[in-house]
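Number of protein chains: 4
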Amino acid sequence: MFSVEDVVFGGGKPVVIAGPCAIENREQYFAVAQEVQRRGIRILRGGAFKPRTSPHAFQGLGEEGLELIKEVKQATGLLVVTEAMDTETVDAVAAVCDIIQIGPRNMANYSLLKKVGKTGKPVLLKRGFMATISEFVHAAEYFVKEGDDRVILCERGIRTFETQTRSTLDISAVPLLKKLTSHPVIVDPSHSTGRGDLVIPMTCAALAAGADGVIVEVHPNPRKALCDGLQSLDFPAFGRLMDEVDRLLPYLSRNGHP
Amino acid sequence: MFSVEDVVFGGGKPVVIAGPCAIENREQYFAVAQEVQRRGIRILRGGAFKPRTSPHAFQGLGEEGLELIKEVKQATGLLVVTEAMDTETVDAVAAVCDIIQIGPRNMANYSLLKKVGKTGKPVLLKRGFMATISEFVHAAEYFVKEGDDRVILCERGIRTFETQTRSTLDISAVPLLKKLTSHPVIVDPSHSTGRGDLVIPMTCAALAAGADGVIVEVHPNPRKALCDGLQSLDFPAFGRLMDEVDRLLPYLSRNGHP
Amino acid sequence: MFSVEDVVFGGGKPVVIAGPCAIENREQYFAVAQEVQRRGIRILRGGAFKPRTSPHAFQGLGEEGLELIKEVKQATGLLVVTEAMDTETVDAVAAVCDIIQIGPRNMANYSLLKKVGKTGKPVLLKRGFMATISEFVHAAEYFVKEGDDRVILCERGIRTFETQTRSTLDISAVPLLKKLTSHPVIVDPSHSTGRGDLVIPMTCAALAAGADGVIVEVHPNPRKALCDGLQSLDFPAFGRLMDEVDRLLPYLSRNGHP
Amino acid sequence: MFSVEDVVFGGGKPVVIAGPCAIENREQYFAVAQEVQRRGIRILRGGAFKPRTSPHAFQGLGEEGLELIKEVKQATGLLVVTEAMDTETVDAVAAVCDIIQIGPRNMANYSLLKKVGKTGKPVLLKRGFMATISEFVHAAEYFVKEGDDRVILCERGIRTFETQTRSTLDISAVPLLKKLTSHPVIVDPSHSTGRGDLVIPMTCAALAAGADGVIVEVHPNPRKALCDGLQSLDFPAFGRLMDEVDRLLPYLSRNGHP
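Chains as they are written, first to last, in this note's numbering: chain R, -2 to 255; chain Z, -2 to 255; chain W, -2 to 255; chain C, -2 to 255.
These are computed hints drawn from the structure, not numbers from a lab. There's no promise every hint is true.
For identical chains, the list gives no copy identity; a pair is met inside one copy or between any two copies.
The calculated EDC-like cross-link candidates involving lysine to aspartate or glutamate, where the alpha carbons are at most 20 Å apart (straight line), are [to be verified]:
no., residue 1, residue 2
1, Lys115, Glu85
2, Lys176, Glu68
3, Lys111, Glu85
4, Lys111, Glu60
5, Lys176, Asp194
6, Lys221, Glu60
7, Lys111, Glu143
8, Lys70, Asp95
9, Lys115, Asp145
10, Lys221, Glu85
11, Lys115, Glu143
12, Lys176, Asp95
13, Lys70, Glu24
14, Lys176, Glu85
15, Lys115, Asp243
16, Lys111, Asp3
17, Lys142, Asp88
18, Lys10, Asp88
19, Lys115, Asp3
20, Lys67, Asp88
21, Lys111, Glu132
These numbers were taken from a predicted model, which means no experiment stands behind them.
Bound-form chain R, shown alone (with noise of 0.2 Å):
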């Protein structure tokens, strides 16, 4: 259990956390970050630089990003998680952000893990899809031997032969994780499942498994995203979400798990 601010991790309140995949403008990351605060939201999403399979797909705003995010936090006291892909540019990504998130493709990638050990920033680390619990575990200590343990291990789905959704969500890894460390378990149930239908059943699943929080995708216009638009909750779905998450705190506060 730890705090970011006034926002604490595995204290028994789910944190949902909610922005764009990536930041495309200043008018859609405005949008999002007035929308998601409307809605009691304390961290937002939202990447500057975005790994993407192909070379010639879009890389994310860069540099221009990050002075986004420096602008959307004076505007709105929001705090900020965004990704960092490279050793050259945690100092910048670490400059301008609140948590420092390490997307599925660098979980093993150890000189960047001991490098954001170094910022002084929390760390939010994905799990790779294709990676055991064990390497996972073993992946966050990579961060905390530089000698911060402020890790958010985020369960985001594992490579399977099933093809109706992207990824599937391992569910069962947010109980595992919580026996085998003592870090914040989140989940990711729009980059895990690919597809914005299955955002609220999942987000209600994994908080009932016990998961600590959600890292959950919103974007004003889904159809018309850069980057991953069919998994993206539009405003009235993302309102929905809340509502569900609401309804479902009068069991969390109460769950009696091991």
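Take the given structure of chain R and dock chains Z, W and C to it, following the hints.
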């Protein structure tokens, strides 16, 4: 939505099916039957025919197990689900039970599915541990094509590279199957995880995701079970599971899943 | 090592089994039989009963297919391998063929394996596409336990996340199975890859790894095949396959594998 | 097809790259170098920087290993391939070696691929053990986009449910990659299987399927290796591998693969 006697599947209230993996002897089966009935359970599980990877492992009591099913039903009034492994014994199984189970190894045993479809008993069809959701839905059609649409689909984990659990419980299959079919969908947290310590959180996850029920293993003394003991709940743990389901009920009755 | 009539399995010289996936009609089946015989093939494949994912797909000619097998054997003297799908039809299948095939969906259908073990015919047992090597070896024991040890193990690909091939042909299973058992081991490059253009290189790979043979699909007109056409070889491609196997023979006769 | 000094990749004659997994000390590295040179090998492998799952495992000799590479090249005239793990050490690695290896954990480390693309050295790119063939081909494009197309693609096994091998060597990737790209394709039978006893048959399988070469691990005393000893060949086994490749050469020079 349909009923098996007084039990409604798909009606909003989750159905908990409980019992031993295999019927080992009269004492064990009656002990579990009485314990689960005491907690309000209406459907007892328990296998007389057990398909085992090795021909040298315990294969179930066979005909003797079917006799015990008859006796336990008379003594308690419980309904019983038990597995049919082959076309030869389908009729004998159908004669004593209320729901016929088809196990994951037989999900694509189409001859068996057709024969079960002719018995007049509803089927509890388990997803093969390497079957896609599409193949699972098609398999159910082999049963339905015989004229009976009382199929309960059961997600029981798929095989992945992760080794800390026996298989990976694919909870996203629950909302997906409910979109693709009108059959009730339940989850087996015992066989899927292979770990008794994960049964409670995974039951809650499944129900929160919209499952219509769960099927769990209960044994008076899991360490001495002839089959799959590690994943069985003893009586106190089963009590905690039922308490947890009770705590979740108020949420389940009001959930706003699409 | 054992013989089926004049064909030796496991004797150093690779056995090529060839024929259509399904027997579609007399003309197609005789055309393939004559073509493969012309190239020196002794064992013809071809299914009368076809287990298909959807109950609405072509399921094979059934009894009519068994009649055609009888006729083709009389006319050509070829030996025939064909699939038994269920315990009901095992005896009818055994009455016409020389080797009974158990398909991957039925590898763990232990009742079927036991029944086949009583027919007095050798079995060609395909690895389930979700089965570990250990489970595969255990499945063979269900057959052997009936008193006949003439099992041909057939690696036919396992299900993975890769989608460019139908499954992933696990060639390392060949040397592993030869270490773990004394059964001959063959490979199915047609069903495993699902692509006719990969059949030749994967046949060579399998034989170079020590396989005792291959089973391949040949069809007079793959584009019009009722079942699995994309993976079938037409006659010219089958000719190139046989030429390639001939080129590899000098190596195979001298290989020094442990 | 391209050359690295006097070694031609993709020219029909297979290239065998051999050496230890990790450079452990001068004695071990020189012993292997001399042994592989004695058998006609031109390219020596050996890691100075080793990415390991646990931060507490041996991580390689680092700079000291790079010094030993310089010495071994001067003493023997061998060419060397060694891994670059992060952007910080790419230039130091490029300064001493002839081919830069990118390991499977870093296949999708696009920043690293771009940096390596600027060094003027060819790259040996290993397929991630969770990467589709399509992602593998895209990753190579990150390197090529920098202006150098000297990429050697290396299939090294994908992660599956099978546990008797470390991963499943996907030999069908060889003909597929040759259809999809013009890069040479080699195979790593040591890391993929994790078993020295499978290296010879899998090498033969890979070459018979059309691979342009293999990269294998050789160690004077595999049982005492600091890293991955079980999969290394000792000198006599390496001799048998080379004899086997020699036996296969006449076939390889005449193969008629499409």
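Okay, the hints, checked on the actual structure:
Taking the shortest Cα distances, Lys115 and Glu85 sit within 20 Å of each other both inside one copy (13 Å) and across copies (16 Å). Taking the shortest Cα distances, Lys176 and Glu68 never come within 20 Å of each other, neither inside one copy (39 Å) nor across copies (42 Å). In the homo-oligomer, the alpha carbons of Lys111 and Glu85 lie at most 20 Å apart both inside one protomer (13 Å) and across protomers (13 Å), since each shortest distance falls under that limit. Taking the shortest alpha-carbon separations for Lys111 and Glu60, only the inter-copy value of 18 Å comes in at or below 20 Å, while the best intra-copy value is 22 Å.
With identical chains, the CA atoms of Lys176 and Asp194 are at most 20 Å apart between copies only, with a shortest distance of 10 Å across copies and 30 Å within one. With identical chains, the CA atoms of Lys221 and Glu60 are never at most 20 Å apart, being 23 Å at best within one copy and 49 Å at best between copies. Proximity of Lys111 to Glu143 under the C-alpha cut-off of 20 Å is restricted to the intra-copy arrangement: shortest distance 7 Å within a copy versus 27 Å between copies. Taking CA atoms no more than 20 Å apart as the test, Lys70 paired with Asp95 passes inside one copy only; the shortest distance there is 10 Å, against 48 Å between copies.
In this homomeric assembly, Lys115 and Asp145 come within 20 Å of each other (Cα to Cα) only inside a single copy, at 8 Å, whereas the closest approach across copies is 34 Å. Neither within a single protomer nor between protomers do Lys221 and Glu85 lie at most 20 Å apart by alpha-carbon distance, with minima of 31 Å and 37 Å respectively. Taking identical chains as interchangeable, the C-alpha atoms of Lys115 and Glu143 lie at most 20 Å apart only when both belong to the same chain, with a minimum of 6 Å there against 31 Å between chains. Taking the shortest Cα distances, Lys176 and Asp95 never come within 20 Å of each other, neither inside one copy (27 Å) nor across copies (39 Å).
In this assembly of identical chains, the alpha carbons of Lys70 and Glu24 lie at most 20 Å apart only when taken from the same copy (14 Å versus 57 Å across copies). For a Cα distance limit of 20 Å, the shortest separation of Lys176 from Glu85 qualifies neither inside one copy, at 35 Å, nor across copies, at 36 Å. Taking identical chains as interchangeable, the C-alpha atoms of Lys115 and Asp243 are never at most 20 Å apart, the minima being 37 Å within one chain and 46 Å between chains. In this homomeric assembly, Lys111 and Asp3 never come within 20 Å of each other (Cα to Cα): the closest approach is 26 Å inside a single copy and 39 Å across copies.
Only within a single protomer do Lys142 and Asp88 lie at most 20 Å apart by alpha-carbon distance; the minimum there is 19 Å, versus 26 Å between protomers. Taking the closest pair of Cα atoms, Lys10 and Asp88 never come within 20 Å of each other, the shortest separation being 31 Å inside a single copy and 48 Å across copies. Within a single copy, Lys115 and Asp3 get their C-alpha atoms no closer than 23 Å, and across copies no closer than 45 Å, so neither meets the 20 Å cut-off. For the homomeric pair Lys67 and Asp88, the shortest alpha-carbon distance inside one copy (14 Å) is at most 20 Å, but the shortest distance between copies (33 Å) is not.
In this homomeric assembly, Lys111 and Glu132 come within 20 Å of each other (Cα to Cα) only inside a single copy, at 16 Å, whereas the closest approach across copies is 26 Å.
In terms of the numbered hints stated before, the structure departs from hints 2, 6, 10, 12, 14, 15, 16, 18, 19, listed from lowest to highest.
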